[in-house]
Amino acid sequence: MSLIAITEVKKRFGDNEVLKGISIDVAPGEVVAIIGKSGSGKSTLLRCINGLETIDEGSIVVAGAQFLPDEVHLKALRLKVGMIFQQFNLFPHLTAGGNVMLSQMVVKKTPKKDAEAVARKMLDRVGLAHKFDALPDELSGGQQQRVAIARALAMQPIALLCDEITSALDPELVAEVLAVVKELAAEGMTLVMVTHEMRFARDVCSRVVFMHQGRVHEIGAPEDVFSNPRTPELRQFLGVQ
Amino acid sequence: MSLIAITEVKKRFGDNEVLKGISIDVAPGEVVAIIGKSGSGKSTLLRCINGLETIDEGSIVVAGAQFLPDEVHLKALRLKVGMIFQQFNLFPHLTAGGNVMLSQMVVKKTPKKDAEAVARKMLDRVGLAHKFDALPDELSGGQQQRVAIARALAMQPIALLCDEITSALDPELVAEVLAVVKELAAEGMTLVMVTHEMRFARDVCSRVVFMHQGRVHEIGAPEDVFSNPRTPELRQFLGVQ
Amino acid sequence: MTYQFDFSWLIGSLPVLLKGIRITAQLILIGAVFGVALGIACAWVRALGPKWLKPVVATYVELIRNTPFLIQLFFIFFGLPSLGIRMSELTAANLAMIVNLGAYSCEIIRAGIQATPRGQFEAGASLAMTPFQAFWHVVLVPALQRIWPALSSQIVIVMLGSAVVSQIAAEDLTFAANFIQSRNFRAFETYIVSTLIYLALAILLRQLLAGLGGMLFPRKASR
Amino acid sequence: MTEFSFWDILRNLLLAARWTVVLSLVSFIGGGIVGAALLFLRIGGRRGMQFLSRGYIQLFQGTPLLMQLFLAFFGLGLFGIDVPAWLAACVALILWTAAFLAEIWRGCVESIAKGQWEASASLGMGYLQQMRYVILPQALKVAVPPTVGFSVQVVKGTALTSIIGFVELSKAGSIVTNATFQPFTVYGLVALIYFALCWPLSKSSQLLERKLNVAHRNH
Amino acid sequence: DALSDIAARGTVRIAVPQDFPPFGSVGADMTPQGYDVDIANLIGEKLGATVEIVPVTSANRIPYLQTNKVDLVISSLGKNPDREKVIDFSEAYAPFYNGVFAPADVAVAKAEDLAGKTVGVTRGAIEDLELTKVVPASVEIKRYEDNNGTISAFLSGQVEVIATGNVVAAAILEKNPPKRPELKFLIKNSPCYIGMNKEQPALMAKINGIIAAARSDGALNAISQKWLKVDLPAEL
Ligand SMILES: Nc1ncnc2c1ncn2[C@@H]1O[C@H](COP(=O)(O)OP(=O)(O)OP(=O)(O)O)[C@@H](O)[C@H]1O
Ligand SMILES: Nc1ncnc2c1ncn2[C@@H]1O[C@H](COP(=O)(O)OP(=O)(O)OP(=O)(O)O)[C@@H](O)[C@H]1O
Ligand SMILES: [Mg+2]
Ligand SMILES: [Mg+2]
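If you read the sequences in order, they're chains A, B, C, D and E. Per this note's numbering, the first sequence runs over residues 1 to 241. Per this note's numbering, the second sequence runs over residues 1001 to 1241. Per this note's numbering, the third sequence runs over residues 2001 to 2223. Per this note's numbering, the fourth sequence runs over residues 3001 to 3219. Per this note's numbering, the fifth sequence runs over residues 4001 to 4236.
It is worth saying that the hints were derived from the structure and are not from the lab. We treat Cβ as the ideally placed atom computed from N, Cα and C, and that holds for glycine. Careful, some of the hints might be misleading.
[Stated by the list, open to error] Which residues of chain E face chain C? A few of them, derived with a C-beta cut under 7 Å, are:
(1) Arg4009
(2) Ala4059
(3) Val4086
(4) Lys4117
(5) Arg4123
(6) Gly4124
(7) Tyr4144
(8) Ser4152
(9) Gly4157
With these hints in hand, go ahead and build the complete structure from the sequences.
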């Protein structure tokens, strides 16, 4: 059974139809890479899965529960699916530890002590146990992004959505973030990630989705997609003649 | 005889000695690339040459005239040496033409008509004759940077300092700016440029300076520096083992 | 100049002055705490609150910002009783200050909220927070930090503006000054002294607010 | 004793509002000129001048306008300078307005990116040239909304000149109240007239701000 | 000196109240009118000088005089030793009985009855100074900036009891207010004097002469009749 079932999803911004009927099923433990040109709708798709945008048609079912845009359903959905952003979006007024603790305490009403224990564990998992008391400003971009991952993990989601999480990083910092993601994948976390790191997508992902103009243009195992692009659009995108 | 003679220059910000005794001679018509890690003092060096920072020790002599930090000497220095910045720093309230005309009229008291003629010539030289009346806001980053070059050229400097002038540009716009610089070099302009474009440095420059921790760590012809890095620091910086 | 300055009255008038200082301090303390709280509530309404409340808050803010504090004070003290709402002059002064600061701080805080990157709000949402939780825990503190200097200035301005509450017999520092000079006729000396006290209070208040800001908000790492 | 009709009240208040308007205009224009001078001293002057202008701003922003008015009127008189109420009101309001405008404008000048100073310096311009041709034209644009916004404070500040016997709108309000015993009507009208004077100013300040922000976001 | 200054100038500047009917208030065209205004005009006439009327409040009338912004204060000014240290007073020119007023249903007959009550007065007025002396400590005195504040506070019910002049209360009554101030007891008979700067014997003599003449030729009585509706009391 699929963990995330996306069926014929359409999304318009005014007259601009950004998603033109997307269907993807993600099985538990799968790591799906979404690739495509700028403006093809990748971010919009992830945002719809997380309920940050409402969809106009189609359905999104996560772990058997249909997504509806009211507060109770949204909360339930977001407890299941975590999201990590390109711009990290750490809370600047809280320490790394505070960032990881906040939503546990506020949303799940976890007692402070337990939340702190979880936070320490999660920061350790991303290799930042020693930065518990550092403010975001005192961290490098790579470290900030790893804190953001720890923050999402602390909510114990069953899947993680990652939107170009290394694009805002200096080249030398990309590796440390990807290493963490790779480990998560190895541990069996379900991941849907928009990425420009083709190498990484090929090595780590179980499936690759190529989006083009609001549609799933090609989908398949990474070997197939990267070695045998069938459409001229994908070929052009990958830069192979 | 050297056009720019930098001798044992030291510069401190508080306790932080950023330049620890720099000596470089630049001959007329030379194109010098300065490379090095972030924080190694490259920008600070350029800013000292242009008198935007005062130096603590050593001397900087441009075209035979010693640099002293009073307004008369500063003005004389800056008439000889133009500077172009990473962030373009165009004057947003003036058109492209106005940007190129302003300093001629204000500093050199050139009559408006002559200044306009020079401005048109310079904008033409950077391929933007048709953008004379455009405001900076209406130009792409690459175009803005080319206007900045035209603006500096309009003062008829004997040398140009360029501080990472392509770093703030989207990749597709880098080429158009570098093309202009290449042409300037071919025409015999003396250039000192901080750059991350190794390929460009290798192709266009006559000498490459590798700065490390406030010192000139290696200096030489591009072939030598890039093909035969002698120090481990340069090797690491260039990413060769 | 024939006028002879005479500050001998100062000793005898000290209790009156001290009481005036106490009342002024008390007014600004209560005014600032509740005024800023009201401002936060209004800013929330304008940013995220229910639709029907927005025009109400907008009208309130515009009315207050475009009429003199003195007139607002007269309305509360002399006007409201005709609707059967009666209060002591101190309560009226406090209320007027809260209402006044509430409107100004609403606008200031709203500007701080608007400058918050959208991503902050979305990060909160994606961690399953409700809009209110995201506002309260994620958006508010950085927004307050951003506008703290502006808010501090406004609080000082309201403190100085409170000089007019003496008009409704609230016994603040200006009242003390007027009271003393109505007895000793040493108007200039009295006003110079009270002006200096106001200056000291303003400087002190600014320092206090700066200190409070340092306590409330994490220091940015210097880069 | 004379009876006041509603129209008498309104007419008298409106007549007094003329003085509020005149006083506001004079304070604002005068304050602008003095404020500009202060601004130059504050950011470009010599050390001593910077210190003085900072002290000035501290003093006028740190004491109630009420006290300033009183001291300007009676204090100057003490030194044998005979100032009529309208002059004292203008002087105090101008000095007070100048202190605030200088601070507002300083913020605007400082909001201009450092790169603008550096670019113009590297083109050989001197301090005054940079100010005149590069910084001020940009700062002026940024300064328009907060300046218009502050004009509202000036209009409201004129209410306090009643303390030195200047009969403007507020004072007329209390006088008329005392002759009619209708505080609710009179103060209601007074508030309305102030609102009618101030609201267009606040509103245009907001609109200008929005317009300039949009222009900023274009790039 | 002040008298020759006035003569040289040709105008005499006189401070009058603007918020204190019937001594000084405004007509429908905002011109000052009242007992004090008529006295000011009378004095101007006798001095042979144009009168420049300067409206003041009880809070600022003395500073006006001290800074030479006015030559005379005719502003229902009461005399007491403290004040006499700072300025000089002429002969009395108007009667003034100040008392304690309240609506009919408030039971007060003497100062002691005020215990525990709140009384409104105008700060710095003579009734403020006198009341402060005579009432028990448990009385709360609310001191308003000007008469306007005191009267508004009474009419809006912010205070139940006020201390003011009998004629002031009468003027209020005349307007049929929602609350009717009735005399409970008199505090003091404190006639009004004209205030002027110290050490001006020539001016003082001149003013006293004018007052004496007005008293004898009935001019003063006429003003009293006009604004107070009674004859000038004998003790004046
Ligand atoms: N909130 C919005 N309102 C209007 N249009 C939007 C909005 N968000 C996205 N769009 C439009 O939707 C289209 C797809 O945007 P989206 O961000 O999903 O693309 P993307 O594939 O993530 O691109 P990129 O690689 O640049 O991030 C674009 O044309 C964009 O302009
Ligand atoms: N105005 C300043 N005040 C204090 N320290 C400064 C200042 N400008 C630069 N520095 C410090 O000087 C050092 C060198 O900075 P500089 O900008 O010259 O480096 P750079 O080589 O140009 O780096 P990048 O490649 O990042 O531009 C850095 O450590 C920086 O923090
Ligand atoms: Mg995207
Ligand atoms: Mg640099």
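Hints and how they fare:
Because the beta carbon of arginine 4009 (chain E) sits about 19 Å from the nearest beta carbon in chain C, more than 7 Å, this interface hint is broken. Interface hint at alanine 4059 (chain E): satisfied, since its Cβ lies 6 Å from the closest Cβ of chain C, which is below the 7 Å cut-off. Hint status for valine 4086 (chain E) relative to chain C: holds, with the closest Cβ pair at about 4 Å, below 7 Å. Restraint check, lysine 4117 (chain E) versus chain C: the minimum CB separation of about 14 Å is more than 7 Å; hint violated.
Annotation: arginine 4123 (chain E) was flagged as interfacial toward chain C, and the flag holds, the nearest CB pair being 5 Å apart, inside 7 Å. At its closest, the beta carbon of glycine 4124 (chain E) sits 3 Å from a beta carbon of chain C; the interface hint therefore holds under the 7 Å criterion. Proximity of tyrosine 4144 (chain E) to chain C holds as hinted, the smallest CB-CB distance being about 5 Å (cut-off 7 Å). Look at serine 4152 (chain E): its Cβ gets to within about 5 Å of chain C, closer than 7 Å, so that hint holds up.
Hint status for glycine 4157 (chain E) relative to chain C: holds, with the closest Cβ pair at about 5 Å, below 7 Å.
Hint compliance for this structure: hints 1 and 4 are not met, and every other hint is.
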